[in-house]
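Now for the letters of each chain:
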Amino acid sequence: MSTATISPAALEMPRDTYLNASYGVKSWFLTKDHKRIAIMYLVSITSFFLYGGLMAIMMRLELLTPQPDLFQSDVYNKLFSMHGITMVFFFLVPSIPAVLGNFVLPMMIGARDLAFPKVNLASWYIFMIGACFTFSAYISGGVDTGWTFYTPLSTGYLNTHVVAAALGVMIAGFASIFTGLNFIVTTHRMRAPGMTWFRLPLFVWSMYAVSVVQVLATPVLAITLILVAVERAFHIGIFNPALGGDPVLFQHMFWFYSHPAVYIMILPGFGVISEIIPCFSRKRIFGYSAVAFSSMAIGVFGFLVWAHHMFVAGISTYSALVFSLLTFIIAIPSAIKVFNWTATMYKGSIHFDTPMLYALGFIGLFTIGGLTGLFLAAIGVDMHVTATYFVVAHFHYVMVGGMLLAYLAGLHFWWPKITGKMYPEAAAKLAALITFIGFNLTFFPQFVLGYMGMPRRYHSYPPEYQVLNVLSSAGASVLAVGLLMPMFYMLWSLKYGEVAGKNPYRATGLEWTTDSPPPAHNFHETPVVTQEAYDYESLLQEEVEVG
Amino acid sequence: MAPRVDALFYFILGVTIFFTTLVFLLILVFSIRYRKERHPVPVQIHGSIPLEIFWTIVPLGIAMIIFAWGGILFFQEMHPPKTSMDIYGVGKQWMWKFQHPGGQREIDNLHVPVGRPVRMTLISQDVIHDFFVPAFRAQYDVLPGRYTTVWFEATKPGVYHLFCNQYCGTNHSAMVGEVYAMSPDDYEAWLRGSGAFGSLATLGQNVFASMGCPTCHTGADNARAPNLYNLYNTTVRTSENQTVTADASYIRESILNPSAKIVYGYQNIMPTFQGQLNEDEMIELIEYIKSLTYNGQLLQLQTNTQQEPPVNLNKIQQGIDVMKPGTNTIVMPRTSAVPVTENAQEPSSKEPAPRQVVTPSNGSAAAPAKPSTTSKPKAPQGEQQQ
Amino acid sequence: MASDTTTLAAPHHHPESLHEQFDTLEQQKDVAQFGMWIFLVTEIMFFGGLFGAYLIYRNLYYPAFVAGSNSISIVLGTINTAVLICSSLTMAMAVHSAAIGARKLLIFFLTATLLLGLVFLGIKGVEYHDKWVEHHVPGANFHFVDPERPGEAPVPADVASQTSIYFSLYFLMTGMHALHMCIGVGILLALIWKAYRGAFPPHHYTMIENFGLYWHFVDIIWIFLFPLLYLISRTPQMH
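Chains as they are written, first to last, in the numbering used here: chain A, 1 to 547; chain B, 1 to 386; chain C, 1 to 239.
Among the clues, some could well be false.
[Unchecked claim] Dumping the calculated DMTMM-like pairs for lysine to aspartate or glutamate here, alpha-carbon to alpha-carbon at most 25 Å:
1. K118/A - E26/C
2. K29/C - E545/A
3. K26/A - E20/C
4. K92/B - D74/A
5. K78/A - D126/B
6. K36/B - E542/A
7. K32/A - D30/C
8. K36/B - E543/A
9. K36/B - E425/A
10. K36/B - D16/A
11. K36/B - E525/A
12. K118/A - D130/C
13. K118/A - E127/C
14. K97/B - D108/B
15. K97/B - E525/A
16. K156/B - D247/B
Read the hints as simulated data drawn from the structure, not as lab findings.
Working from the sequences, and respecting the hints, build out all of it.
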C-alpha cells in the first residue's frame, strides 16, 4: 500500500531499526546501509556548514565599517574564498542529495538499498578525502582564489595552497558523481512493483534530474581543476595568456560545470518542496507532470546557459545574446513550479507545521531570487549589476533562501523518519521565523547595495555604503541564531523528543509506510504500489473509515 | 547610458514586484482561507492544462520582452558612437594606469570631459580586472593579453567611483579610483596642465624607430612589409584570404604573433616582439599607427607635426583596401615612412615613476570633498576640483 | 527507458552471490552493467573537456599544431594504436572465455591484455622520454626547435612558442589516457588473481564484462587521440 494508516494507540519506538541493527565504530564506518551513510553525510556537512558560516560571520563583522579593521586584505580574501568553496562544494552540492536523498530515495521507490551500496560508502570516503585536501589548504594558511578559481590569478599569482584546495574540490566532485550514478541506476532498476515512472514522488524526479546533471557536469569540473592544478604546478600555459593560453577558456569550462551546479543545488530543493506542500495541504500536487517535466527541462537547459556568467568577460556580442535568450527560457520552468506549488494550496486544508513554514518561506524567497535573476539575464542591465552585491544577494536568495530553507524543511519533515523522534514544534517554528526574518534583513539590503554599485569581494568600501552594510551584518547575526537553533533542538529531540510513529504527518509515500526509524532493509516486506503519488484522497478516506 | 539602463532596470523591477506580490498574496490568502481550522476537508484537484499553458506563456512573453530590450541595450553598450574619444587603460595589481592620446598619464584617477562619449580601450598586465564605474553604468572585464573596450558618456561634472570589479588578489578592494568628469573647457585646461612627454603617437613613433620597425615597414612599394599608412580601421586581406579589421587588437596581435595573420602577398618574416614591449609601449605604437594617415591629419587631439606623409602612391598595397576612396591620389614625397630619429633611447625613460603600491585608504583620500550621498549612486559626489 | 515494473516481489532467500538489495541475479547483473555505462558517460564528459580545449586551441594556433604534430613520432603512435586494438581483441576474447566458463583461456586472455597494455605504456614512456630529451615538455624546460625539414622554412619564433600549448594538450590528453591505462592494468592484475582463484563461474562474470567495457572505452579514447594528435595536423614530409 502506498498510503499509511494511522495508529492512534500509544506510540513506541520500533524494536529493530537500522540504528540498533549493529553497534560500534566499525558498524558505521564500514556500513553499506544508505541510511547510515546519509547520517554520516549529515554530520560531515553540518560541520562544514558551521565552518562556512563562521567565515561568513567574520566577513559580515569586517564589513560593519568601511575601513579595514579586523582583518588584513588577504585574510578577508581567504574568508570569502573559504566561505564560498566550503558552502558550495562541501555543503550545498551534497546537502539534499547526499543526506535526504540518500536516506529517503530508496525508501520512496520501495527498494531495500541503493543499487551500489559500496559505491555509496565510497562516495562518502571520497568526499571526506576531498574535504581533507581542501581543509588542509585552509589550515596551512588558507586559500584566496575565490570559490571560482579564476585564472590566471589562481594559476600564476597567488601564493596560497591553491593546488590542494582545487584537488580537494575535484575529489569531492567524484563523490557527487558516484551519488548521482547510484541514484540514476537505482531509480531505473530498483523500483518496487507497481511503482511506475509517473507514480514516482516528485522528490525522486528532481533527484533524478539532479543526478543526470551531476553525472554529466561534474567530470568537466574535475578536468578543469586538474588543468588548474597542473598549470600551477608545472607552469604550462593552457590558461596563461603569456604563454598563448586563454584565461577566458577557464571560465567557459568552469561555468560549464558550475552553472549546472546551481541546479544541482536548487533542484533537490524543488523536490523537497513538492513533497511538503501537498502533505500539509492534504491535497494532491497541482500539475504533477508539469512539475516533473519542468525539473527535467531545467536539468537539460541548465547545460546551455553557462556563459551568462561571462557577459562582460569578453565573449562575443552574438553569443552573449544567445546565452541571454536561453537564460530567459530556463526561467520559465522555475516559474511553472512556483505557480503549481501555490495552486496546490488552493482549496487545501493547510496545516502550518514547521516543514510547511519553511516551504512557504522557500516559495517566497525563491520567487524573489528567481525574479532578480531576470536583471542579470538582461544583458543590458547585467553590464551594470554583474559582480556587484546585487549578484551576491541574488544567489543567496536562491541558495540560502531557496536551497538551505528547503534543506531545513526536508530535514524537519523527515527527521521523525530518520530518528523516530519529533523535533520540538514550538522551538522549530520560532527558528523558522527567525531564519526568515534574519535572512531577509541580511540579503535584501545587498540588492540595493549592488544597484548602487558596491562590488563584491571588497574588503573596504566607500562610506556611503555603510548603512546598508550595517543592516546586512545585523541581519546576519539574526540569521545565525535562526540557523543554530535547529542544531540544538534537533540534538535535544534525540533523547527527549516525542516518539513519532510511522507517519506523524499522515503523508503519502512509501517511506511513511515503514517504521520510524526504518529497519535495516527499509521494509519488512517489499511494498507493492497501486496508486499515484500524493493520493491524499484515498488516504483521507481511509482515515475517515478507521476513525 | 545610465537613464537607458535604469529604464529597463525599473521595468524589470516592476515585473519582479508584481509577481512577488502576486505569489505572496496568493500564499497569504490561501493560508488564511484554507487553513485547516476553516477548511477541514480539502478538495482534490489534479491540475489544469489551460492554467499550465497560461502560466507558461505569460512569463515567457514577459521574459522575451525583457530579453529583446536587454539585447538592444547591450548592443548600444557594446558599440561606442563614432564620435567617441579614446582613452587607454592598463590594469595591474593593484592600480589603474590611464593614458590620454595627448600623452597625459594618470594613476587611479581618470579625467574625462562631460558630454563626449569616451571609449576606453583596456588591457591588463597580469590577472583579469574589471573596469567599473557604477555612476555611468559602465563595466567590462580587463583581460590580460587582449584589448576590451567599454564606453560611457559623463553628463554631469563630478567625481565618480571607479572600481575594479573582478577579484584580482590581495588588494582587490584597494584597486579603486576616481573618475573626474569635467566641463570641456576644464578638461582642456587639465590636459594642458598635466605635463605630457608628447602625444602617444609621438612616443609610439619613438618606439617604432627603436624597435627597428622602419627597416621593413618603409612604406615603399617594394617593401618587405606592409605599408602602415591609412591602415587603422580598414579591412585587411590575409594570405588565407580572410578579411580582418585592422583595429587595436589586430595590430597588437600582429606585433606579438606575426604569424597569426599574414597580409596577403607578404612573407611571414616578421619577428615576434613578445617580451620586448610593455603594454604602455604597445598602446603608443597603436596610437602611432592610428595616426599615420595620408592627409597628414592625426585623428586625435594632439597633432604630430613631424609626421610627413610617405610614398607609395598609386596602390597603397595589395591586401589593404582603403576604405576612403580618394586618398589614393594624394602625392607623397618621401620614401621612408618614418625617419629614424636619434632619440631612439627615449622610450625607456618616459615611464612615470611607476609601481607604487596603493594602500586601501588611498582611494578615498584622493577624492577631495566627497560628501557621502548614500541614496543615489548616480549623483555626483561633489562638484569637482582641478 | 525501463519497463513499468522492473522487479517482482521476490522470495527472501538469497543465493550466495546475490547482494541484499536485489531480488534476482538478472537484476543484479543488469544494474551493474547499467551503472558501468553511466560511469563511462561521465568519463566521456571528463575527456570531453580536454577535447573541447583541443578544438579551440587548434583553431586558434593551427600552425603551431602542425609544427607540434610534425615533431612527434608517427611510427610509435601507429604501433601503439595497433597494440591497443589487439588488446581490445584479447579483452573481448577474455569476456567470451568467461562466458563459456573456460577458466584457463580467461586467464590467458587477461594476461595477454595485461601484457599488451604494458607494451602500450612502455612505448608511451619511450615517446615521453624522447619529448623530454628534446625539451618539448612544457614548463621551465620547454624549448621548441623545429626539426630540420629540407625545402621548408623553419617555424617562426611566435609559432614555436605556441607549440607549448600543443604539447600541454598532448601530455594532458595522452597522460590522462595513460592514467586510465594504468588503472586498467591494476584492475587486470586483480582480475587475473581472482580468475586464478576461480571467482568467475560461467554465470557470474559481470565484473569481467564491465572491465571489458572500461578497457574498450579506454581504447576508443585512444582511437580519437591518435588522429587528433598525430595525424590530422601533420604535413607530409617534403622531398
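A quick look at each hint next to the structure:
1. About 19 Å separates the Cα atoms of K118/A and E26/C, which keeps this hinted pair within 25 Å; it holds.
2. For the hint linking K29/C to E545/A, the alpha-carbon distance of about 44 Å lies beyond 25 Å, and the restraint is violated.
3. Between the alpha carbons of K26/A and E20/C the distance comes to roughly 19 Å, so the proposed pair stays at or under 25 Å and holds.
4. For the hint pairing K92/B with D74/A, the CA-to-CA distance comes to about 17 Å; that is within 25 Å, so the pair holds.
5. Restraint check: the Cα-Cα separation between K78/A and D126/B comes to about 20 Å, which is no more than 25 Å; the hinted pair holds.
6. With a C-alpha separation of about 18 Å, the suggested pairing of K36/B with E542/A holds against the 25 Å cut-off.
7. Distance hint between K32/A and D30/C is fulfilled; the C-alpha atoms sit about 20 Å from each other, no more than 25 Å.
8. For the hint linking K36/B to E543/A, the alpha-carbon distance of about 16 Å falls within 25 Å, and the restraint holds.
9. Proximity of K36/B to E425/A is assessed by CA-CA distance (about 17 Å); at most 25 Å being required, the pair is judged to hold.
10. Between K36/B and D16/A the alpha-carbon distance is near 35 Å, which puts this suggested pair outside the 25 Å criterion.
11. With a C-alpha separation of about 35 Å, the suggested pair K36/B and E525/A falls outside the 25 Å cut-off, and the hint is violated.
12. Note on K118/A and D130/C: the hinted pairing is violated, with a Cα-Cα distance of about 42 Å set against a maximum of 25 Å.
13. Between K118/A and E127/C the alpha-carbon distance is near 39 Å, which puts this suggested pair outside the 25 Å criterion.
14. Simply put, K97/B and D108/B have alpha-carbon atoms about 6 Å apart, close enough for the 25 Å limit, and the pair holds.
15. With a C-alpha separation of about 74 Å, the suggested pairing of K97/B with E525/A is violated against the 25 Å cut-off.
16. Proximity of K156/B to D247/B is assessed by CA-CA distance (about 31 Å); at most 25 Å being required, the pair is judged violated.
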